[in-house]
Amino acid sequence: MSYEPIFALFWERVKQSIQDKTFAKLTLAKTIGDTEIKNVYVRPVLLENDMMKMSVIARYKTEEIESFHSLEDTYPVLFSYMNNPFLSALLFTTENDVVFKLNKKRAGSITEQAPTFKSASDVILEMKEKGI
Numbered sequence: 001m002s003y004e005p006i007f008a009l010f011w012e013r014v015k016q017s018i019q020d021k022t023f024a025k026l027t028l029a030k031t032i033g034d035t036e037i038k039n040v041y042v043r044p045v046l047l048e049n050d051m052m053k054m055s056v057i058a059r060y061k062t063e064e065i066e067s068f069h070s071l072e073d074t075y076p077v078l079f080s081y082m083n084n085p086f087l088s089a090l091l092f093t094t095e096n097d098v099v100f101k102l103n104k105k106r107a108g109s110i111t112e113q114a115p116t117f118k119s120a121s122d123v124i125l126e127m128k129e130k131g132i
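Note that the numbering used here has the sequence shown beginning at 1, numbered continuously upward.
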């Protein structure tokens with residue numbers, strides 16, 4: 001069974017948290033084996049024209065590579081990292097932490113935990129302030 005439908009549900013939670021202005025941070029973690037890439041961090045950024053993009057920072061052993069994508073274009077970028085090499089994605093919001101995990105059989109699951117962050121990301125707060 002493919003984990004894509006479960007990851008798509010997880011992505012809907014990401015989009016909803018941005019819309020609800022509760023998004024704090026998104027991280028891909030827990031790699032398979034010792035890999036060059038260590039983490040992927042995702043956060044919203046506001047451009048000069050108050051247009052929001054998603055900053056995707058891939059952190060490797062020796063460097064960091066940042067790329068910018070629309071919210072919709074961020075999904076395939078993150079999906080390409082799942083199971084190659086990452087096994088989990090963590091969405092931190094002010095309401096709860098949402099965790100997408102792949103088990104040994106590569107079946108996806110989503111769990112929720114109490115929130116780690118008390119406030120949304122700075123960009124989300126700025127967007128709320130500007131009414132974006």
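Quick caveat, the hints were computed from the structure, so don't treat them as lab data.
Treat the hints with care, as some may be off.
[Unchecked claim] Capping the alpha-carbon separation at 25 Å, the derived lysine-lysine pairs in DSS-like fashion look like this: (1) K25 - K38; (2) K104 - K21; (3) K61 - K30; (4) K61 - K15; (5) K118 - K53; (6) K118 - K105; (7) K105 - K21; (8) K30 - K15; (9) K128 - K38.
[Said to hold, decoys possible] So the derived label-pair ranges between C-beta atoms look like this: (10) G131 - S109: 34 to 44 Å; (11) M52 - S2: 42 to 52 Å; (12) K105 - N39: 40 to 50 Å; (13) A107 - L46: 17 to 27 Å; (14) N39 - D122: 11 to 21 Å.
In this text, a Cβ means the ideal position worked out from N, Cα and C, and glycines have one as well.
A quick look at each hint next to the structure:
1. K25 - K38: holds (17 Å)
2. K104 - K21: violated (34 Å)
3. K61 - K30: Distance ~15 Å between K61 and K30 Cα, so the pair holds.
4. K61 - K15: Outside the cut-off at roughly 30 Å; violated.
5. K118 - K53: This hinted pair holds, its Cα atoms lying about 23 Å apart.
6. K118 - K105: Distance ~34 Å between K118 and K105 Cα, so the pair is violated.
7. K105 - K21: violated (35 Å)
8. K30 - K15: holds (23 Å)
9. K128 - K38: violated (32 Å)
10. G131 - S109: 34 to 44 Å: The hint (34 to 44 Å, Cβ to Cβ) holds, given that G131 and S109 are roughly 37 Å apart.
11. M52 - S2: 42 to 52 Å: violated (30 Å)
12. K105 - N39: 40 to 50 Å: Distance hint for K105, N39 is violated at roughly 24 Å.
13. A107 - L46: 17 to 27 Å: violated (37 Å)
14. N39 - D122: 11 to 21 Å: With Cβ atoms ~20 Å apart, the hint holds.
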